[in-house]
Amino acid sequence: MTALRRISPFWIWVAFLLAVIGVGLVAVFLIFTQGLGVTGLSDGVPWGLWITLDLSCIGLAAGAFSISAITYLLGRESYKPLARVAVFIGLLGYSGALMALVLDIGRPDRFWHGWVFWNVHSMLWEVTMCITLYFSVLLLEVFPMAVEMPFLAKYKWLQNFAHRIHHFAPVLAIMGLGLSLLHQSSLGATYGVVIGRAALFRSTMPLLFIVSAVAAGMAFTVHITLIVQWIKRRELVPNAVLFEVGQIAAAVLLLYLYMRFWDTTAGTYGYVPGRTEAENVLTAGPFAVSFWTWEMILGGVVAASLLIRARLRQSVMLLLIGSGLVMAGLIANRWHTTLLAFTQPLAENPAVTDPLITAYTPAWTEWATAAMVVAILTLLFSLGMRYFPAYKGEAVPEAVTAAQPVPIEGTIPETG
Amino acid sequence: MSELTREMTRREFARLAIGLGVGIAAADWVWHWFLAHNDPAAQAHHGANPDGPYWSMAIDLEQCIGCRRCVNACQATNDTQDGHLWNILIKDENTFEKPVFLTRPCMHCENAPCVNVCPVQATYHNEDGLVVMDYDRCIGCRYCIVACPYGARVFNWGERDDVNPQVPTWGTPEIERRPRGVAEKCTFCVHRIEAAKERNLTPGIDRAATPACVNICPVEARVFGDLRDPNSPVSKAISGRQSVVLRSEVGTNPRVFYLLPV
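Each protein sequence line maps, in turn, to chains Z and Y. Going left to right, the first sequence walks through residues 1 to 416 as the numbering used here numbers them. Going left to right, the second sequence walks through residues 1001 to 1262 as the numbering used here numbers them.
Be aware that one or more of the hints could be misleading.
As the list claims (entries may be wrong) - Here's a subset of chain Y near chain Z, in silico, CB distances under 10 Å, partners left out:
| id | residue |
| --- | --- |
| 1 | Gly-1083 |
| 2 | Cys-1148 |
| 3 | Pro-1149 |
| 4 | Val-1219 |
| 5 | Gly-1251 |
It is worth saying that the hints were derived from the structure and are not from the lab. The beta carbon of each residue, even a glycine, is placed where N, CA and C say it ideally should be.
Model the full structure from these sequences, guided by the hints.
What follows is the structure in structure tokens.
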């Protein structure tokens, strides 16, 4: 008993995550040796759980660019601690998306083709470019926090470099904003340009994607921060900031619901071949629970009112539940948006618009690898929260950065 | 005064201006070089070479008896897998007064959604305007399968070790099996058309240069040829008949014309 008690809960948590990753690696081995036939995907439903994971990771990572923009471009100094959490979540989110993509493409050995063989007409090419560029921006944004680790303090050049990067935080925020405004929307446009599938082909798709991502990304950052604070029993970000960001997320979410309402209902005022049938499947078919319960009600109206009430009543619990529901709503949206595309039975008869409820159940290999990706991200996040000085709740060790000679501005007096 | 707010010297301004100018010129040059060499739209947007042949297929819904021979011959010749065929047969009982058999190859669209969406130009219009694949370039993202309005694209979900059930009854494989992890599609038997150029044969007339599905048809419901040549079999078949293309509302401009039942 005593021996067991000595193991810290943190390492039990790490062991659990490693077990999930272990199971996932078995599935990865199967996928990489036998091909995508071991998944539940087919010619009729070529995209499924992994694409949902990919889109959700990127959508939930949108807190990085939106909170950075508020902090560094609108000058909200008090948001800085939250921005630091947000960019770390962002970096992990994009890492997860890249992992899911490598699993999903049939030829992972050719992942680099997108950078070499350009097709500027392809939304996926644009997405590839933006995601990899933005991933580098996020790396630069997280880098100064990583080199605050005490054991790196002796490498002066590293510290200098980090300090220099930190000077460019506003520039990185602008780049992040630009790249995110491009690819968060063009992920929606990836579906929106598919003229052959009436359920997808609509110009509102990019707008819906980015607005929902901003709402869910901010809410998700708040949600995760609250959980970390609860586990660490220590304040990372002042509550006032969390309530405020929760309320901004609620406002963006209401804007999204308004747009989504008209996007969906306008289609019911007339008959559009294929689209009307798809919308019936969405609102009254097998996706009705995902659409109404999760996206519209719990992840939409309920979440927005909880987030607003949370600030009025200063209730952390309401903030936690509300922000969690926004996250769930975004995942549900990405799931049924993807699968709705494949209800038109093109291979049965391209001219027919009657919905076909294509049987797609993700195989265990897909679930195991998706869980693995989430576990890897959670593990990295847990380690970061435990070891990065920026999140330890301590004052950021000013001595580490300020004591270095700073070559950018000659006016700073030499110290220590 | 801080670095950012200090006024520029004349030398710095000149340096910045020259730098920007050279940068923009270089980017412009790269862009135009890229468009000239790499842009699928520039290569073959509207039927490629305007003086070259316009390969098309006519499929007569009146004649087709639904015997599946074109489906089988395609599977044998192009060595496709059961359940992932390039050419399929659909029985349509609702569109016309009588049931018709509709066979569906690739439409070889002029405005091909699959060509537009492919992030790496692994699918493209060849010099004749046919939509073909570079299996060595495809990354297997399956965006083309999502984008195709006709469900004409299939994927290699695993390494092939199946026995082709149509060989040798309906033909023998003329092209290699595709590797695991890439998308594939009907090519109008482009290997025959390419070979015909060297041997001076006419696709649609000379059997060795004509798609397998057209050759095998016992009732001549499928006809192939150059639509720009008024004497080609396909031009003759279409003239005087009502023809449609599938899903004209999506603006793909297919090369496959269906002759309506009379």
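> Which hints, by number, does the structure contradict?
Replying inline: Hint 4 contradicted; others consistent.
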